[in-house]
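One line per chain: the protein sequences are F and Z, in this order. First residue of the first sequence? That's 1 in the numbering used here, and the numbers climb one at a time after it. First residue of the second sequence? That's 1 in the numbering used here, and the numbers climb one at a time after it.
No lab work stands behind these hints, which were simulated from the structure alone. In this text the structure is predicted, and so the values were computed from the model without any measurement. A virtual CB, placed ideally from N, CA and C, is assigned to each residue, including glycine. Treat the hints with care, since some could be wrong.
What the hints assert, rightly or not - Think about it this way: if two alpha-carbon atoms lie no more than 25 Å apart in a straight line, the pair counts; the simulated SDA-like pairs of lysine to any residue are: (1) Z:Lys380 / Z:Asn390; (2) Z:Lys380 / F:Lys16; (3) F:Lys16 / Z:His315; (4) Z:Lys310 / F:Arg23.
Stated by the list, open to error - Simulated coverage check for chain Z against chain F, where a stretch passes if three residues somewhere in it have a Cβ under 8 Å from a Cβ of chain F: (5) 142-152; (6) 251-262; (7) 295-306; (8) 323-332.
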Amino acid sequence: MTIKAWLETAIQDAEKRNLPGLRPLLEALARSTSALRTADWNHDATGESDSMPPDVR
Amino acid sequence: MSARTWTIAELGRAIRSGRLSAESATRECLDRIAERNPTINAYVTVLADEAIAQARQADAELARGHDRGPLHGVPLSLKDIIDMRDVPTTAATRVRAGHVAGHDSPVVTRLREAGAVLLGKANLHEFAFGTTNEDSAFGPVRHPLDPNRSPGGSSGGSAASVLDGMAYASIGTDTGGSVRIPSAACGLVGLKPTFGEVPLDGIVPLSNTMDHVGPLCRSVEDAASVYDTLCGRPPHRRSARSLQGLRIGVLRGYFTALLDPQVAAAFDSACARLAGAGAILGDAEIPHASDIAPIYLHIVLSEAAALHAKTLDSHADAYTPNVRIRLEMGRYILAEDYVRALRGRQILIEEVDAGLHRHDVLLLPSLAVPAVRLGAVAIKIGAVEEPVRNLTLRLTQLFNITGHPAITLPCGATTDGLPIGAQLVGARNQTDALLSAAAAAEGCFVATSRL
Numbered sequence: 001m002t003i004k005a006w007l008e009t010a011i012q013d014a015e016k017r018n019l020p021g022l023r024p025l026l027e028a029l030a031r032s033t034s035a036l037r038t039a040d041w042n043h044d045a046t047g048e049s050d051s052m053p054p055d056v057r
Numbered sequence: 001m002s003a004r005t006w007t008i009a010e011l012g013r014a015i016r017s018g019r020l021s022a023e024s025a026t027r028e029c030l031d032r033i034a035e036r037n038p039t040i041n042a043y044v045t046v047l048a049d050e051a052i053a054q055a056r057q058a059d060a061e062l063a064r065g066h067d068r069g070p071l072h073g074v075p076l077s078l079k080d081i082i083d084m085r086d087v088p089t090t091a092a093t094r095v096r097a098g099h100v101a102g103h104d105s106p107v108v109t110r111l112r113e114a115g116a117v118l119l120g121k122a123n124l125h126e127f128a129f130g131t132t133n134e135d136s137a138f139g140p141v142r143h144p145l146d147p148n149r150s151p152g153g154s155s156g157g158s159a160a161s162v163l164d165g166m167a168y169a170s171i172g173t174d175t176g177g178s179v180r181i182p183s184a185a186c187g188l189v190g191l192k193p194t195f196g197e198v199p200l201d202g203i204v205p206l207s208n209t210m211d212h213v214g215p216l217c218r219s220v221e222d223a224a225s226v227y228d229t230l231c232g233r234p235p236h237r238r239s240a241r242s243l244q245g246l247r248i249g250v251l252r253g254y255f256t257a258l259l260d261p262q263v264a265a266a267f268d269s270a271c272a273r274l275a276g277a278g279a280i281l282g283d284a285e286i287p288h289a290s291d292i293a294p295i296y297l298h299i300v301l302s303e304a305a306a307l308h309a310k311t312l313d314s315h316a317d318a319y320t321p322n323v324r325i326r327l328e329m330g331r332y333i334l335a336e337d338y339v340r341a342l343r344g345r346q347i348l349i350e351e352v353d354a355g356l357h358r359h360d361v362l363l364l365p366s367l368a369v370p371a372v373r374l375g376a377v378a379i380k381i382g383a384v385e386e387p388v389r390n391l392t393l394r395l396t397q398l399f400n401i402t403g404h405p406a407i408t409l410p411c412g413a414t415t416d417g418l419p420i421g422a423q424l425v426g427a428r429n430q431t432d433a434l435l436s437a438a439a440a441a442e443g444c445f446v447a448t449s450r451l
């Protein structure tokens, strides 16, 4: 699920549950999740952007 | 100087020489609690009768020559997240209203076997999920040096009880920094051991892979004595370590980029003093330091949400609003992102380990700002405004992710007299070596005044 789709779904659910205070927190969490997903140590199943070899770390 | 401001070691010598009894020391703490707790709000439950009985027993045993060790007869407080039989474990929440612990947790069993006097249960940030101790069913804890400030959290009541002379030490928990943050804010020594060294049974969990138990004390020697007891082994004298030749890897970059100017100055001064005493300071780095916060957030929120899902549905209104909303946030994290965070954890473990291959210990500030004003949501450092939570966790959470032992020592104070701490980090499962290095460093740092 893309972060955009996740955020839209999460906000809709939070509003349905009458938790409007969650919106800014979810927006902040989305930014954090974006950082997590774009970190260079994430595995890529294609092998095209493998994380650094161990001896470089 | 009043006896209630002594270290455990000083109290122990006084008791054994007959200058003071465990009962007198306990009564002095209880008198201080009666006087100051209405203002500071460090304690949720005070066990006066039980404590006096324990103290009398300690005095009788010591008189017979039965010496249980450094904690024998020493009055301590316990963060109210740790089970003591027949006493409520409130976790500072109305969610647990009516709870009474049926059994002692293993850490309490060990403290009893060591002859410690258990004064009562200390206030905390609700469910240990916060760094200021403001969100508590029992109201905020106030900093003993400035009642308009937080003592830090989540073990805020623990720290305040020790700083204010209401206990000689306290047992807290640390999931993102909750022993080290209030210890730094209150000028105490706070130890987070290696993950898994101290049993977590009978302790209300927050994050299964990052919860730790540790002491808040007035000296490294005291922290070592309490640590030994919590680990279930007899306290032992560690070989003295000189600063001469101690290889210290100083973490800068991310770890010093966002510091209150007085914290930065105190840290630089501490480094200079260590070098002047013969330590060999070098640069250390964590290449993926910028990923620490997202990794921590995804792990702690997911694990906390899993633990709280049921009661968030059944007892939603019993939580404090701020803690409830943050726990609810965790329920939205996708499993794939939690797993990504676990991969990031492995990278950070390798990077901290790499630093400790080249250095005996790592050194960084403990808390980016002095004790925060109650009610503050964000703090401005230079042109950057950062949420209080992010700023207070910034320098401690890494070692909850990785499990390395870490200890904060007071290293100075602001011009307003607010304590500043420096943090030493050791290799995993080498907490003893870290304590030896910390004892050597302690003598270099400026002692903050005791009340």
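Status of the hints after comparison with the structure:
no., hint, verdict
1, Z:Lys380 / Z:Asn390, "holds (12 Å)"
2, Z:Lys380 / F:Lys16, "violated (35 Å)"
3, F:Lys16 / Z:His315, "holds (18 Å)"
4, Z:Lys310 / F:Arg23, "holds (22 Å)"
5, 142-152, "violated (count 0)"
6, 251-262, "violated (count 0)"
7, 295-306, "holds (count 4)"
8, 323-332, "holds (count 5)"
Consistency note: the structure conflicts with the earlier hints numbered 2, 5, 6.
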